[in-house]
Amino acid sequence: MNGRVSSFQPSVWVIEASGRIDAMHTPALEAALQEALAQGKYRLLIHLGQARYLSSNGLKALFIARQNARSHGGNLVLCCTPPRVREILEITGLTQIFATYESEKEASKALTVAG
Amino acid sequence: MPDKSCLTVPGRLDQLIIISEFIAQAARQAGLDERDVFHVQTAVDEACTNVIQHAYQGIEGGEIILTCRRTDDTFIVTVRDHGRPFDPSAVPPPDLGTDLNARRVGGLGLYFMRRLMDEVHFEFDDKTGNTVTMVKRIGPRPQDDL
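For the record, the sequence lines run as chains A and B. For the first sequence, the working numbering gives the first residue as 1422, with consecutive numbering after it. For the second sequence, the working numbering gives the first residue as 9, with consecutive numbering after it.
Excised from the complex, chain B in its bound form (with noise of 0.2 angstroms):
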């Protein structure tokens, strides 16, 4: 792949299609196999849904800003935008204990994204806004890429 592949959309919810295209075709691109090129494309699906619904609140007009790359033993997505800042610490962790009655679904976007990457990172900025890292590690780059 190239080093690094970029991709600019409108916040909005019917972008995520398009998003997901992106990723997928990046992450074959740089080597991944099926069931990582899945889990990064539903990580991405939740960091950009979550970016959609409470960064920008369902408030057309924002970006979204994507970027994919390839290091020796790991694939790299940031996603950015400039909506409200946004915690992780905030959200509590989904509630899958046993109790049925009390469990709790708020975060499951958050908690797909932990489970299904090896890194997240989140970080804001005044001047860049929200940005999330995820890192997804992977075997070493095939010969013919070399």
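Isolated chain A, as found in the complex (with noise of 0.2 angstroms):
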């Protein structure tokens, strides 16, 4: 799960998480997410638009990052949430948590009013 520089704001780094995020996958996002953190990526935009499952496993990993960036002034959204996805965030309650938003664009520019 590579990183790259969000197309719209150059200081947002973008994570696409594809395919299924399950407890087999989830160390790749985090390995993903911690590298970024290291590198002072404070600005995290999740693109969720290839991912067809998120498990409890791979969304702790996304709330503990979420937890690492707010607290050097940044944060941890999503973007091009699938159905499927959104209505387990729905069900945990964790759209209360983790902000969503339609495109990458626009997340990125909430990342950046935000931030």
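These are computed hints drawn from the structure, not numbers from a lab. The structure presented is a predicted model; accordingly, all values stated were derived computationally and were not measured. One thing to keep in mind: the hints can contain errors.
Derived lysine to aspartate or glutamate pairs resembling DMTMM-like cross-links, with alpha carbons at most 25 angstroms apart [what the hints assert, rightly or not]:
(1) B:Lys12 to B:Glu29
(2) B:Lys135 to B:Glu71
(3) A:Lys1481 to B:Asp22
(4) A:Lys1481 to B:Glu29
(5) B:Lys12 to B:Glu42
(6) A:Lys1481 to B:Glu68
(7) A:Lys1462 to A:Glu1451
(8) A:Lys1481 to B:Asp95
(9) B:Lys12 to B:Asp133
(10) B:Lys12 to B:Glu71
(11) A:Lys1481 to B:Asp44
Some chain B residues near chain A, calculated using beta-carbon distances under 10 angstroms [as the list claims (entries may be wrong)]:
(12) Ser13
(13) Thr16
(14) Val17
(15) Pro18
(16) Leu21
(17) Asp22
(18) Gln23
(19) Leu24
(20) Arg43
(21) Asp53
(22) Thr75
(23) Leu124
Examples of chain B residues lying across from chain A (beta carbon under 8 angstroms, computed) [unchecked claim]:
(24) Cys14
(25) Ile25
(26) Asp44
(27) Phe46
(28) Thr57
(29) Gln61
(30) Gly66
(31) Tyr119
(32) Arg123
Glycine included, each C-beta is placed from N, C-alpha and C at the ideal position.
Two chains, each in its own frame: build the complex with the hints.
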């Protein structure tokens, strides 16, 4: 899971979390998050456009990274969340924690304004 | 669907995709709609992850035994393992309260299972090990299945 600079805001780091983010694949997401945070990238955008599934392990990794980013004045938000993944966030009440946006452009702007 | 479908796999994380496909196929054959199929897949994925990470503590060699069956108005999945006894009462529920800094996300998997299924039961027996039984209520059996 590689990261890249947002096409819309150079200070925003985008991680595309694709496929099944189950317990088997969460370590790859954790590694991408930790690498970004270690490099001082605290405006994190998780692009879920190609995600088919997000398990509790994956959500936990995002939650911990979000806390880390926020403690450094940044944030972690989500964009392009597929309906199934959104439903899981809603069921677990995590839509109140993770800000979600329809597009990368919208999310990048929000991260820059807020951060 | 046949009265009962069974699958036994090694208790490893790379088996989660195989389990997910098995559950999806059994649930579709039982007549569940796609939303319910996804709910059951997610609940079973969390149950099996729990087995691998906690009951077997990441140590390979144990098995996960899955059984799916349909009754007139339910789809029932059981997940069995021979790992460490699991006591759900020892897992605190996730703290999803309003204090952002105090929220804890431990216990999310169990929370998922209980939110997505209509019933979740845990049993432990020295001989059979841990058994998780998860029930999804569904509509009546389609006519062409009778």
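Going through the numbered hints above, which ones does this structure break? Give me the numbers in ascending order.
12, 13, 14, 15, 22, 24, 26, 30
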